[in-house]
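Novice: Here's the letter readout for the chains.
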Amino acid sequence: MSDTHAQSVAYVRDTMLPEAEPPASETGVVKWVRANLFPDWINSILTIVAIYFLYKIVSGAWPWFMNGIWSTDSLAECREILQGTTGACFSVLTERWNQLLFGFQYPNEQYWRPTLAFILLFVAAAPLLFAMYVPRKVLYFTALYPFLAFWLIWGGTIMVPIVALVGIVAGYIVFKKLEGNSFAAGLFGGIAAAAITWFIGGFIADAMSNFLALPAVPSRDMGGFMLNFILGVVCVSLSLPIGIVLALGRQSHMPIIKWICVIFIEFIRGVPLITLLFVANVVLAYFLPPGTNFDLILRVIIMITMFSSAYIAEVIRGGLAALPRGQYEAADSLGLDYAQSMRLIIMPQALKISIPGIVNVAVGLFKDTVLVSVISMFDLVGMIRGPILASTEWNGVYWELWGFAVVMFFPVCYGISQYSQWLERQLNTEHR
Amino acid sequence: MSTITDPPSESFQLSQLINDTRYRSYTFQFIAMILLIAAFAYLGSNLVSNLRAAGLNISFDFLGEPAGYDINQRLIEYDSQSTHWRASVVGALNTLLVAFLGCLMATIIGVIVGVLRLSKNWLIRKVMSIYVEIFRNVPVLVWILIIMAIFVAVLPQPRDFRGEDAEASMLLGSFAFTGRGFYFPKPLFGPGSAVVIAVFLASIAGIFVFRNYARKALFERGQMIPTLWPSVGLFFIPAILAYFVMGQPISLEYPELRGFNFQGGVYARNSLIALTFALAIYTAAFIAENVRAGILAVSKGQTEAAASLGLRPNRIMNLVILPQALRVIIPPLISQYLNLTKNSSLAIAVGYMDLTGTLGGITLNQTGRAIECVLLLMLFYLTFSLCISAIMNVYNNSVRLKER
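Protein chains in written order, with our numbering: chain L, 1 to 432; chain A, 1 to 404.
Hints were generated in silico from the structure; no laboratory data involved. Glycine included, every Cβ here is placed at the ideal spot set by N, Cα and C. Honestly, I wouldn't trust all of these hints.
[Unchecked claim] For lysine-lysine, the following PhoX-like pairs were computed, each having C-alpha atoms within a straight-line distance of at most 20 Å:
(1) Lys56(L) <-> Lys216(A)
(2) Lys31(L) <-> Lys300(A)
(3) Lys300(A) <-> Lys120(A)
(4) Lys31(L) <-> Lys120(A)
[Stated by the list, open to error] A short list of chain A residues far from chain L (calculated; beta carbon distances all over 12 Å):
(5) Leu35
(6) Leu47
(7) Ser59
(8) Asp79
(9) Ser80
(10) Arg125
(11) Lys126
(12) Met148
(13) Ala239
(14) Leu296
(15) Asn339
(16) Asn343
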């Protein structure tokens, strides 16, 4: 008997057929298009509608963008050149870019100063943002950066930031010396040392007012996107520590401290930022000692910082609440005191959980800095609505200017949120 | 040999206040209290001396004085002889109007976009995520101003509706969308219309009773009663019958072009429309993300279990996914509503007379009473925020998972 059934069956195939190609509709582009764009009739309609709208938008915007004119002196000249065809008048950007970025009063020849401060910001922020890739020594530069940036942007003698820095360092050294005896003694000693240093340093700074002095620029001359950036960076960095303190206060077992924090947070979160800016603009002056004259930018920084610290406090409270009770108990059973357990056990974990929330608050805050245009400060939006759209040359140029505002804000905010997602992945210590 | 049996005598020492955990918290609270009182006393004394120097005082009498300015968009009667208080109330109602319309629109757009971001369709998914990212990452004030500019530039002016071959025409002969605002037909209530409205409200109540009854019948006796068509019938038929029985008491007043502008009908100013629209699509981008996260939070096994029971996709969405996703979505949704309400204070940028425009704007500038106005303004917004979160929390508790 043979293994093939040659005797009983008429024909038996004894070799494999070559593999056939899959049908054209099941491979490559065709399959992708069918699966992703036209899987059923309702999705097909949606796709066609979407393509139609995209076509409308692109076909409208493309000639407008391509016919754009970059080198005239006014809108009227743009219209003359365009002769009724669609086209953008980007000359407003080439002519007023400095006002949009730095405000209309910042001295032209000093633009390198805020620009340098902006570039150095990345160097200073790098060890905080990318702690695993940047050498830790750069942190010293980060500590110096606030003083350097102040000197670069506001100008004046370098002695003022140096005295401020020396005061803080002196206070810290005294605190460390006395902390061994008692925490309170260290704290008060440190504050006293800082105050004495500042008091004496004040005279020195006055006496040496020309030492390494840059031309001073008063706060009211700040404007444009630079103002948004200053407000955003300063307020976020100030509100983070305040927010942590408020969150801890709200979790505290001491009723009076807890209620002070609760009332502060809920009050600030219940009112719009604009009312707080009204407070900065018209009310805060009544509460300051008679004769003092804080400048507006400082008052605005105070109010925005209060505002964002309340929001950050709520985010961090969420992180604290999400920690299992065992973490608190473990810290206690190790014999750590309150400050140690918070600093070493609780806060690192709580902050890690709250990173996405903190970043959301930071992005929201940066966007909210444009609200200062309502109290007639000339930030980016204030510049557009005020001096530029009100000028005779550029009255009526809307799309180019608002497009510029979108182009300025979008990369910053989008970049920050992408960074936070990256950081979340980096900090994810769960093993799967 | 002697042993020490007595504990050391409990003598109170001053250092215990800071070193003994029993007393330390009292010390800290006492210090905090003193600091707080000192800060308030300092600010208060500054306030008193500043006010004395400026010859001012704190008084709310100005609220009873005539405001002397006009408000072009209002829900209640108001003229320039009305009081400042009345102006504030008009502004507050305008704020609530924008907040209500904006929340409604934002929810609808947000839910649709959130669901579409999870669609199988690649193009739709990409378009929706571009929309969400662009709107979330640019300040709302910029969007309000852009949309206001689009409204004024793109929509036709009332004069374009004039003439034989007009450039623009009214939708269905009764809706006009112009750069100055939208005009709608206005219902006029004649005598007897109260009966029609009462019948209509009663039939809505009837629908609820009927659906409750149907659900009970299903759960207790396993009896399926169709609810869709009877509900639709209940909704329309009694009201229409009453309308004709009472002799057609409700009529519509159509907007008409007279002279340079439309007359009659309901007029919603362009600032109201643009502000509502801008706030809605800005907030919708955030709501869409919440909705997407909520849907993704429902585990895949739920969908598969429902599919293996033989439910159709839309019933899986309605009966299994959404009720569970809702519990995740509602809390962030509440804070989005609050944000929208607070952002509505940006109305001042497009000249819509909301609370910030009346009380915090013209009234403040006319009377010069900054402290009182800003204080009242904050109290108004605080009340709104607390009310919205209270209402939404009640709703949140009703949809929350009932655990035993």
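Novice: Does each hint hold? Answer for all of them.
Specialist: Now the hints, each set against the structure:
no., hint, result
1, Lys56(L) <-> Lys216(A), "52 Å, violated"
2, Lys31(L) <-> Lys300(A), "25 Å, violated"
3, Lys300(A) <-> Lys120(A), "16 Å, holds"
4, Lys31(L) <-> Lys120(A), "14 Å, holds"
5, Leu35, "10 Å, violated"
6, Leu47, "5 Å, violated"
7, Ser59, "15 Å, holds"
8, Asp79, "27 Å, holds"
9, Ser80, "24 Å, holds"
10, Arg125, "9 Å, violated"
11, Lys126, "9 Å, violated"
12, Met148, "10 Å, violated"
13, Ala239, "33 Å, holds"
14, Leu296, "15 Å, holds"
15, Asn339, "9 Å, violated"
16, Asn343, "7 Å, violated"
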